[in-house]
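Enquirer: Heads up: the protein sequence lines correspond to chains A and B, in order. Last residue of the first sequence: 242 (the numbering used here), numbering continuous. Last residue of the second sequence: 448 (the numbering used here), numbering continuous.
Any given hint could turn out to be false.
[Stated by the list, open to error] Derived EDC-like pairs: lysine to aspartate or glutamate, alpha-carbon spacing no greater than 20 Å straight-line:
1. B:K372 to A:E230
2. B:K340 to A:E171
3. B:K389 to A:D190
4. A:K144 to A:D190
5. B:K372 to A:E171
6. A:K205 to A:E171
7. B:K391 to A:E230
Since the hints were made in silico from the structure, they are not lab data. Quantities reported herein were computed from a predicted structural model and do not represent experimental measurements.
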Amino acid sequence: GAGVSQTPSNKVTEKGKYVELRCDPISGHTALYWYRQSLGQGPEFLIYFQGTGAADDSGLPNDRFFAVRPEGSVSTLKIQRTERGDSAVYLCASSTGQGGYTEAFFGQGTRLTVV
Amino acid sequence: DQQVKQNSPSLSVQEGRISILNCDYTNSMFDYFLWYKKYPAEGPTFLISISSIKDKNEDGRFTVFLNKSAKHLSLHIVPSQPGDSAVYFCAAWNTGTASKLTFGTGTRLQVTL
Numbered sequence: 128g129a130g131v132s133q134t135p136s137n138k139v140t141e142k143g144k145y146v147e148l149r150c151d152p153i154s155g156h157t158a159l160y161w162y163r164q165s166l167g168q169g170p171e172f173l174i175y176f177q178g179t180g181a182a183d184d185s186g187l188p189n190d191r192f193f194a195v196r197p198e199g200s201v202s203t204l205k206i207q208r209t210e211r212g213d214s215a216v217y218l219c220a221s222s223t224g225q226g227g228y229t230e231a232f233f234g235q236g237t238r239l240t241v242v
Numbered sequence: 336d337q338q339v340k341q342n343s344p345s346l347s348v349q350e351g352r353i354s355i356l357n358c359d360y361t362n363s364m365f366d367y368f369l370w371y372k373k374y375p376a377e378g379p380t381f382l383i384s385i386s387s388i389k390d391k392n393e394d395g396r397f398t399v400f401l402n403k404s405a406k407h408l409s410l411h412i413v414p415s416q417p418g419d420s421a422v423y424f425c426a427a428w429n430t431g432t433a434s435k436l437t438f439g440t441g442t443r444l445q446v447t448l
């Protein structure tokens, strides 16, 4: 597709369950980012991929959070043993990743609600 | 610590007037700055950017000003239109690492008739 696509757009899960959130970046973009946005806050960085590898995962809050990008395109953010505090909008973005001056393009986000 | 700050959570401006949204940053390694606009239930959309080698960038009704010594940037929208009503995020990038955009907390702009 032309833009960054995220599925599902909404996810409601019970506390303690496992969830997977998917991101399809813009074709040809080597850099992919996951952000989390809580109510009233700006997007908060979680993890950055350059190609298949996680170049910076310093934003992942704890070891319940994990992300993969096995073929350098689609990425999946995985959250184990979900907690109510994980409820937020999870945003994915991609960019050309060529360095220099560039912009990141965002998907519409996945709204995760943990009940 | 909040490296990018938008101290005004909201702003109301009359249609046709100028909207000025402000942003301050603390990290001197940031060298590229972007403004994103966000409507409810949508992802942030890129609006305009400026590199640290410039002090002004203009695109139609939108102008971004950068004051490096003060570590301050601002977004001017003139004339403001009702469709500009949205949340605006300031974001900063260290292009040397390109590892992440750091966002401010956003300013909600309401353009009234």
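Enquirer: Hints first: check each against the structure and report whether it holds.
Expert: Structure-based check of each hint:
no.: 1; hint: B:K372 to A:E230; verdict: 13 Å, holds
no.: 2; hint: B:K340 to A:E171; verdict: 13 Å, holds
no.: 3; hint: B:K389 to A:D190; verdict: 41 Å, violated
no.: 4; hint: A:K144 to A:D190; verdict: 15 Å, holds
no.: 5; hint: B:K372 to A:E171; verdict: 16 Å, holds
no.: 6; hint: A:K205 to A:E171; verdict: 17 Å, holds
no.: 7; hint: B:K391 to A:E230; verdict: 17 Å, holds
Hint 3 from the earlier list is the only one contradicted by this structure; the remaining hints agree with it.
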